[in-house]
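Peer 1: Construct the complete structure from the given sequences, taking the supplied hints into account.
Residue numbers for the sequence shown, in mature numbering (1 follows the signal peptide of the UniProt record, and there is no 0): -33 to -1, 1 to 304.
Check each hint, because a few of them may be wrong.
[As the list claims (entries may be wrong)] Taking lysine-lysine pairs in the DSS-like style, the calculated list, with each CA pair at most 30 Å apart, reads:
no.	residue 1	residue 2
1	K134	K64
2	K231	K96
3	K134	K22
Worth flagging that the hints you see were computed from the coordinates, not collected in a lab.
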Amino acid sequence: MPKKQTNPSASFDQMKTSFLLLLVVTFTSLVSANSIPCIPWQFNPPSCKLNGSPKPGFTARFFHLPINQWVYMRDPSYFANDYRELGQIGEVSGITKQNFVSTIPCIPENGNPTFECYTPFYENYPRYKCGDVQCSNSVRTPYWNNQIYGFQTTVSNVTVELTGYLKAPQTGPYTMIFSNIDDVAYFFVGSDTAFGCCNQDGDLSEVDGYTMGVMYPYAKQVTFNMVEGQYYPIRIVYSNAWMSGTFESQLQLPLGNTILNWGKYVYTYEDKTCKNPSSSSVSASSTSSSISTSTVVSVSTSVSVSYSTVADCDCTYTDSDGVVKSYHTDLPINTRK
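Peer 2: Okay, here's the thing in structure tokens:
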């Protein structure tokens, strides 16, 4: 969204081309190093049995991120757990509307009043334009506001971790859709991948791998199975490297309806109130694919604030009628079975 318009200058086009080529080389190296087979697989994430009084919504934790450091954006291990090493700066709880859009200020060169810019694009780098307005400030500067869940932080360069237990309202296949991500977001589901049962607030030593990752300007979705009434640990790690940012997601339920504010199905439990985990099993397959959607987003205001690579392949499978079908999938390197 914010970075879809680009500067016509040749110098920036060359910079962008070099960066995209680097991404291709990086992802290709990851795939080759792990010798990942291209096969359909069953995806039934393990759930947890919980006890006590839950609090509605996600818990969001904010972490430091140096501005314009793309080395982190290209590293799956950063999103798996290394982001925590840069230090937590605060926490927000009670988030039921998980989507957001953040802006940066434009200080017009012509002396007009400063305004918030949703769609900056490069012009006379490191300065930028917002629409037809030339801004005098730099895109390399950290910018602060409270547009992400009401928390005052550098929205231009920040990592946000969302954790909670997704309580399945129905039994069957669910599709998590990341429709507009700027810059990068990873999705984790299940007690073996997101976080261990009764360990939402703890470390990530019990989990490994990830379910789905997507980098601007792409959209992705992944399908997995859940059993009605059971609680599934989920974690989302979002990072914005510079300028404005966007996180837009939807959850498609087994009956086909797509929910924008699906955070209403998420709960937070204190770790000490949990019981032993149990696994669920439903017969259905998991795939990922590229999508294109447009959504209006909003953020929750009922929160409490405290300050303190994906492997692509084009696969085929034979359905129950013997018909060979094809699909494109992004399967997690460390968790494929």
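Peer 1: If a hint holds in the structure, say so; if it doesn't, say that too.
Peer 2: Each hint tested on the structure:
As the CA atoms of K134 and K64 are separated by approximately 16 Å, the hinted pair is consistent with the 30 Å bound. Distance restraint check for K231 and K96: the Cα-Cα separation of roughly 37 Å exceeds the 30 Å cut-off, and the hinted pair is therefore not satisfied. For the hint linking K134 to K22, the alpha-carbon distance of about 12 Å falls within 30 Å, and the restraint holds.
When each numbered hint is compared with the structure, a violation occurs for hint 2 only.
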